[in-house]
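Colleague: The primary structure of each chain is shown beneath.
Protein chains: 2
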Amino acid sequence: MGVSSGRSSDESSKRKVGMGTVGKRRGSAGSGNGPAPRYTVGLDIGGTKILGALLDPAGDVVSTVRRSTVHGADGLIAGAARAVRDVVASGGVELSDLAGVGLGIPGIVDHRSGTVKHAVNLGVNDDELPLAGLLSDELGGVPVVVENDLNVAAVGAAHVLERSGADGDHEDLAFLALGTGLASGLVLDGRLRRGASGAAGEIGHVPVDPLGPDCSCGQRGCLERFASGKALEAAWPSRHGKPSPVELFEAARAGDEEAIVVKDRFASATAAAVRLLVLTTDVRHVVLGGGVAQLGTELLDAVQDALREQAKVSPFLGSLKLAERVRLAPTHVPVAAVGAAVLGRRS
Amino acid sequence: MGVSSGRSSDESSKRKVGMGTVGKRRGSAGSGNGPAPRYTVGLDIGGTKILGALLDPAGDVVSTVRRSTVHGADGLIAGAARAVRDVVASGGVELSDLAGVGLGIPGIVDHRSGTVKHAVNLGVNDDELPLAGLLSDELGGVPVVVENDLNVAAVGAAHVLERSGADGDHEDLAFLALGTGLASGLVLDGRLRRGASGAAGEIGHVPVDPLGPDCSCGQRGCLERFASGKALEAAWPSRHGKPSPVELFEAARAGDEEAIVVKDRFASATAAAVRLLVLTTDVRHVVLGGGVAQLGTELLDAVQDALREQAKVSPFLGSLKLAERVRLAPTHVPVAAVGAAVLGRRS
Chain A
1 MGVSSGRSSD
11 ESSKRKVGMG
21 TVGKRRGSAG
31 SGNGPAPRYT
41 VGLDIGGTKI
51 LGALLDPAGD
61 VVSTVRRSTV
71 HGADGLIAGA
81 ARAVRDVVAS
91 GGVELSDLAG
101 VGLGIPGIVD
111 HRSGTVKHAV
121 NLGVNDDELP
131 LAGLLSDELG
141 GVPVVVENDL
151 NVAAVGAAHV
161 LERSGADGDH
171 EDLAFLALGT
181 GLASGLVLDG
191 RLRRGASGAA
201 GEIGHVPVDP
211 LGPDCSCGQR
221 GCLERFASGK
231 ALEAAWPSRH
241 GKPSPVELFE
251 AARAGDEEAI
261 VVKDRFASAT
271 AAAVRLLVLT
281 TDVRHVVLGG
291 GVAQLGTELL
301 DAVQDALREQ
311 AKVSPFLGSL
321 KLAERVRLAP
331 THVPVAAVGA
341 AVLGRRS
Chain B
1001 MGVSSGRSSD
1011 ESSKRKVGMG
1021 TVGKRRGSAG
1031 SGNGPAPRYT
1041 VGLDIGGTKI
1051 LGALLDPAGD
1061 VVSTVRRSTV
1071 HGADGLIAGA
1081 ARAVRDVVAS
1091 GGVELSDLAG
1101 VGLGIPGIVD
1111 HRSGTVKHAV
1121 NLGVNDDELP
1131 LAGLLSDELG
1141 GVPVVVENDL
1151 NVAAVGAAHV
1161 LERSGADGDH
1171 EDLAFLALGT
1181 GLASGLVLDG
1191 RLRRGASGAA
1201 GEIGHVPVDP
1211 LGPDCSCGQR
1221 GCLERFASGK
1231 ALEAAWPSRH
1241 GKPSPVELFE
1251 AARAGDEEAI
1261 VVKDRFASAT
1271 AAAVRLLVLT
1281 TDVRHVVLGG
1291 GVAQLGTELL
1301 DAVQDALREQ
1311 AKVSPFLGSL
1321 KLAERVRLAP
1331 THVPVAAVGA
1341 AVLGRRS
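So the sequence lines, in the order shown, correspond to chains A and B.
When the letters of the first sequence are read in order and numbered with our numbering, they come out as residues 1 to 347.
When the letters of the second sequence are read in order and numbered with our numbering, they come out as residues 1001 to 1347.
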């Protein structure tokens, strides 16, 4: 299962990230009547790396850290604990300054009990792992909360967006993760929407074509079969050692007609995901994230063009201004780690 | 536009509806520290009738009323005012006992300003009508709120369901209205979800078949073309003077093979609407309402069967227990009027 060992690619940095300078401050340590808000740490634990962020009491990112993931339960906990200590040290504070730690994990998470199941990417295969409790013990009792990776990404994107001052209104968005699969996290009216069974935002398995290809979920024609990294890789396998989306967009840009068709179809399917999110939840923003979103503005342009194209035939869709709702996930901060840190405040 | 005049079919009744006996009481007048909660009235204003309900401070339905709708702005306001006065009188209280009045209206509602547009069914065609303000004036200053008809239905269903004690948890549901068209209202984590542009729950216009029939919205293969009263009427026009859904289900019950096919297709499309709602918002309950839902348990059975059928091919769907989430809208109370009265509390 590929244990990553070294610290060779590790880095940590202390920096006051830009958002703080333009963002709204919600308060500062020691002021006000309530208990002083304190620092929190968030970790975004992925299959290959752990990204960490330290948030100060005002909600600004003070320091970030990046570590390789060590697979398996023991490695995971030791690695997470080390990442917390490192990002705290980078930020010039102490573990005892922390109000809490939030973790974002791919897998089935029970946020109430702090347990994780089937986090196959992390080498946690079968048993339920009481991750929050074990990490809290490892950190001398700091409260720890665990959340689904898409949920922390949505919370992080909402936090960054709201503080960017771009929009005077409350936090309201879907984080649309174009990763290997397709799924989303939802923050509605300022609150994380988990759903009755933790399945909110599982739009990848909405069937959209009765004659479409079989899906691994057992259904047919699921949206994920058209709008995901896996779908792109199948339609345009990488030939030159770069990720499939990059090669596809390069070929389309160079005028390859087949590539243009595949790209347009992908953009149209991603636009369908945006439309689906708005027609069900009417989120104010749809934030494109996940591996495929590393394409950046080229992807954004293609999806917005597809949305405008679809709106041409439907005044109803036009009135929803779908293209204007879409944006790219922030890249100047590790947005999922920031979201985990925001949730750590509520621990 | 068919002005209904008479009171011939009108009725009003004073009754303590059953829910109160099993429901949880949230408080009662005069107790507690805050200001005493007071009575509210809700009206569900439809194209042919106005249903009204008086809620007491504990949230129980005290009295209900049913009046014919008078079309056009003036008639609408006078009729609504009369319905409020009548349901209040039926309940043995005074206008001055009201904390507020809530209205549920089909059409484009701005709940912030209390205005209504394009309520064509009510003879309000063009201009923006400041309904809340005008009705409030007519009632001597009682605060009035206006809300979309699906939203009040969802709030009412959540109120009734929560008080029925069937489920210990918070209010969390979609009210799936199988009317002429297809749309839903959402109460998520106990709060009405309107969405950024009031479009939350507009699932009727999610395309689900690229080769499907054209939709009036300009798109093709929208879910509404398969799961709505209009879709049923097109597939099985009524021949014997009863509503098309009733005739269809009767024919299917009698063994008509064509009817069985049409019925199964409709049940499957309605099941797709349930699946769509759960895969996006993960609501705990999906409540079937609207005209077609007057079929009652026969409809419920058909939709649940279709959901179980779909779950057979997908362990993922099976894990979501979709069939168990579906239920019929309560019929012992005018659920939309109750929801309007609940919203009237917040006026």
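Please keep in mind that the hints were generated in silico from the structure rather than gathered at the bench.
Any given hint might turn out to be false.
Stated by the list, open to error - Simulated coverage check for chain B against chain A, where a stretch passes if three residues somewhere in it have a Cβ under 8 Å from a Cβ of chain A: (1) 1039-1051; (2) 1271-1282.
To be verified - Heads up, simulated DSS-like pairs for lysine-lysine below, C-alpha to C-alpha not over 27 Å straight-line: (3) A:K242 <-> A:K230; (4) A:K312 <-> B:K1321; (5) B:K1321 <-> A:K117.
The C-beta atom is built at its ideal place from N, Cα and C for all residues, glycine as well.
Colleague: Taking the numbered hints from earlier one at a time, note which ones the structure violates and give those numbers from smallest to largest.
Modeller: 1, 4
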